[in-house]
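Participant: Chain by chain, the residues:
There are 2 protein chains.
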Amino acid sequence: MATSQQAASEKSENSHRVVVVGGGFGGLNVAQYLRRVAVHVTLIDRRNFHLFQPLLYQVATGELSPANIAAPLRSVLERQKNCVVLMGEVTGFDVGSEKVLVDSTHGSEEIPFDTLVVAAGATHSYFGHGEWARHAPGLKTIEDATEIRRRLLTAFELAERETHADQRRMLLNFVIVGGGPTGVELAGAIADIAQFVLRHEFHRINPAEAQVILVEAGERILSTFPPDLSANAQSTLERLGVSVRTQSLVTEVAEDHVTVIAGGRTEQIPTRTVIWAAGVAASPLAKKLADATGATLDRAGRISVEKDLSLAGHPNIFVIGDMANCSHDGGKPLPGVAPVAIQQGRFVAKLIRAQVEGRTLPTFRYRDLGNLATIGRSAAVADFGRVKFKGLIAWVLWLLIHLMNIVNYRSRVLVFVQWAWNYLTHDRSARLITGSEARRAVDEFKHAD
Amino acid sequence: MATSQQAASEKSENSHRVVVVGGGFGGLNVAQYLRRVAVHVTLIDRRNFHLFQPLLYQVATGELSPANIAAPLRSVLERQKNCVVLMGEVTGFDVGSEKVLVDSTHGSEEIPFDTLVVAAGATHSYFGHGEWARHAPGLKTIEDATEIRRRLLTAFELAERETHADQRRMLLNFVIVGGGPTGVELAGAIADIAQFVLRHEFHRINPAEAQVILVEAGERILSTFPPDLSANAQSTLERLGVSVRTQSLVTEVAEDHVTVIAGGRTEQIPTRTVIWAAGVAASPLAKKLADATGATLDRAGRISVEKDLSLAGHPNIFVIGDMANCSHDGGKPLPGVAPVAIQQGRFVAKLIRAQVEGRTLPTFRYRDLGNLATIGRSAAVADFGRVKFKGLIAWVLWLLIHLMNIVNYRSRVLVFVQWAWNYLTHDRSARLITGSEARRAVDEFKHAD
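In order, the protein sequence lines correspond to chains A and B. If you count the first sequence from 1, position 310 lands on 310 in this note's numbering, and the numbers rise without skipping. If you count the second sequence from 1, position 239 lands on 239 in this note's numbering, and the numbers rise without skipping.
There could be a bad hint or two in this list.
Since the list can't tell identical chains apart, any single copy or any two copies may satisfy a pair.
What the hints assert, rightly or not - Restricting the straight-line Cα-Cα distance to at most 20 Å, the calculated cross-link-like pairs of lysine to any residue (SDA-like) are: (1) K81 x H203; (2) K287 x E98; (3) K390 x L403; (4) K287 x R299; (5) K288 x T91; (6) K287 x D103; (7) K81 x R199; (8) K81 x N14; (9) K81 x E201; (10) K81 x F202; (11) K81 x F196; (12) K81 x H200; (13) K81 x R204.
Because the hints were derived from the structure by calculation, they are not lab data. Just so we're clear, the structure is a prediction, and the values are computed from it rather than from any experiment.
Kindly produce the complete structure, drawing on both the sequences and the hints.
Facilitator: This is the structure we're talking about:
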């Protein structure tokens with residue numbers, strides 16, 4: 001084992017060493033809010049960029065390019081003198097000797113910490129059905145998004161060349177599992193593409209005949225919104241041609257169909273394109289950290305944190321964002337959304353500053369800034385507690401808020417230009433079928449046939 | 001076998017059927033220039049987009065996103081009523097019954113033609129050393145570009161974490177094989193990144209210490225340019241810190257080194273990042289077409305064409321672009337550059353129009369509009385025959401000409417914004433390490449260690 005964090009330790013010698021695992025909304029905010037604090041920060045991520053996940057579905061639907069929503073971490077933190085970025089995979093934690101273990105070319109590298117913040121996010125959960133992953137990719141990474149884009153666009157191309165009517169029908173069925181914001185946004189965007197973008201581009205098929213089916217196990221879609229906004233979202237989707245099936249349970253995802261049970265009736269929906277927007281589980285790092293600290297995990301694999309976001313018995317170890325089970329005011333755990341992670345990151349940074357300066361800080365309180373979800377072109381729902389919006393106003397709010405929150409200026413300009421263009425021309429220029437396995441779907445389909 | 005080109009034949013019933021294989025510069029120009037001609041066009045490509053290859057190196061170096069230089073073929077040809085786009089892989093030609101065979105989900109699909117234009121382009125050639133491909137990717141596709149981008153950026157990340165000095169040195173050696181325009185442009189762009197873009201982003205390494213080595217077998221780089229421009233390009237590169245090695249022959253490409261022979265001396269250059277910009281061979285479809293028609297292939301696998309770009313004995317079959325060996329005025333074959341393919345595409349479209357209207361057309365003549373190559377930031381060489389430019393003027397010309405030639409307006413705006421930003425900020429925001437095998441290099445390196 002090599003202890004090679006030389007430069008970092010050189011620079012930090014006497015200063016408090018903060019190690020942040022994960023460069024998402026939570027981790028990045030910890031690092032940035034420690035900018036003027038007398039600590040030395042090491043930010044570790046296995047990717048070289050921060051990903052603006054709320055717009056990932058727009059990469060999956062060809063509206064934006066991956067680089068528009070991904071900011072290189074080194075570039076974002078370039079001017080922050082007290083922060084070192086380390087690209088690598090965290091493999092474990094040595095809590096006793098206060099070290100993070102990172103995968104290295106020479107075995108394992110040990111990064112010592114005085115304070116540790118773990119913000120490694122979440123991944124998909126197929127509720128024990130890992131075999132569904134192959135047929136129903138989720139949407140968490142850039143690669144997930146370009147893979148979904150490939151499947152969506154390939155389905156239309158295959159349908160155009162398909163001679164058997166039932167096969168063509170199957171290719172034009174798109175099933176989205178999960179009626180949360182991601183599922184709703186995907187369903188709306190796919191319906192948009194089929195209705196408007198591809199309308200005049202094919203010759204044998206009419207893309208508008210594509211059927212988008214949104215399957216939700218619960219009573220209503222967007223269950224974290226007030227019931228009237230859920231109803232509005234559902235009717236907006238239905239006007240776009242989306243078939244919304246609530247209280248419908250997916251019991252099987254196969255190569256050429258999805259099985260759904262609703263009201264005791266079992267239905268097989270023939271399809272070759274399924275997107276998984278249903279289950280989320282904490283990063284496997286949560287389990288490793290729990291094993292090392294004795295912390296408890298909830299059903300989604302999240303770590304239960306104290307009121308100051310630290311772990312019980314480990315006041316210098318914090319868990320934030322999608323990995324944390326943070327029961328706000330004793331109620332349900334806070335949702336896995338960006339505002340929670342951002343506020344938690346800023347809180348932990350302030351707490352570290354307070355500790356370094358010998359002060360104390362009250363416990364973390366989440367300030368609910370509201371909930372937004374967009375539904376295709378020109379429609380959205382927005383819930384700000386006392387005030388609610390739907391339709392065009394909510395959509396404009398959604399656009400502005402997302403645009404303002406993109407990390408760097410250039411991306412803001414590029415995203416704005418593309419949104420304006422997409423809106424005016426009904427086009428999506430980033431709809432490329434790419435990937436080293438770009439032809440896999442075609443081949444698989446052929447072999448299955 | 002299914003003959004399912006129903007919609008196409010419905011629309012074409014009595015009209016002349018033109019089948020174009022390949023949606024690159026050549027094929028796309030054939031289709032577009034037949035817009036107002038009473039023929040029915042089927043454009044077949046295995047990808048769903050037209051690629052602006054001259055800017056591909058900017059995707060490889062993180063300056064632009066793939067979608068900025070790729071225009072969906074269906075979108076480009078959406079309003080052209082007499083043209084059908086078919087996404088599929090051409091597997092062969094039945095010249096006797098005038099049919100093109102296309103890979104289909106039900107075996108093979110046969111597309112009948114009255115006139116056939118084959119413009120399937122070129123691929124890399126490793127001069128019989130296919131085993132080098134793994135260590136030295138070429139630059140022809142979007143996937144090539146993102147793979148090279150991954151390797152370049154990963155090398156800096158691994159160097160930052162490397163504790164052994166010689167390993168770090170090896171990781172910061174970048175070898176480009178081939179001193180044509182692509183090699184020169186890549187070398188300049190990589191030197192730019194190392195010198196300016198990454199300068200303040202790392203802590204243990206100084207990216208400016210990266211060594212870019214351009215290896216050229218011939219006497220000078222940019223051999224198609226006048227000698228004084230070659231000399232200027234070489235000195236410009238050297239000022240950027242690039243080591244230019246002419247009359248140097250690569251005899252081996254391995255995982256951790258390249259062997260070069262120059263002046264009888266053999267040298268091993270330790271490196272983990274090699275880019276192949278040396279050899280080009282025609283698409284394997286050239287061989288299939290030659291077998292079907294009795295045409296002859298040259299050493300690079302290109303098909304020799306008549307003065308009207310048709311095949312001897314097959315006046316209704318044309319080959320254009322990088323796949324064609326077109327000896328202009330009896331001299332050397334025309335180079336594999338976009339202007340040749342574009343002019344040939346337009347010529348064939350005019351010829352088809354003339355034939356349909358019962359006229360004849362003189363033979364193809366290439367009008368040499370000049371040669372351009374850019375060399376990093378603010379420098380280029382331009383050769384317009386009587387007039388030559390170098391330095392900043394040539395660079396501005398290069399920018400304008402490339403910007404004007406990008407197929408769609410939106411990409412022009414997006415490329416312009418990014419170029420301006422990159423120039424002013426010394427940044428490259430599209431430098432993402434992505435790909436389902438994004439961690440492969442790290443793993444390989446580790447296992448080799």
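Participant: Could you work out which earlier hints the structure fails to respect and list their numbers in ascending sequence?
Facilitator: none
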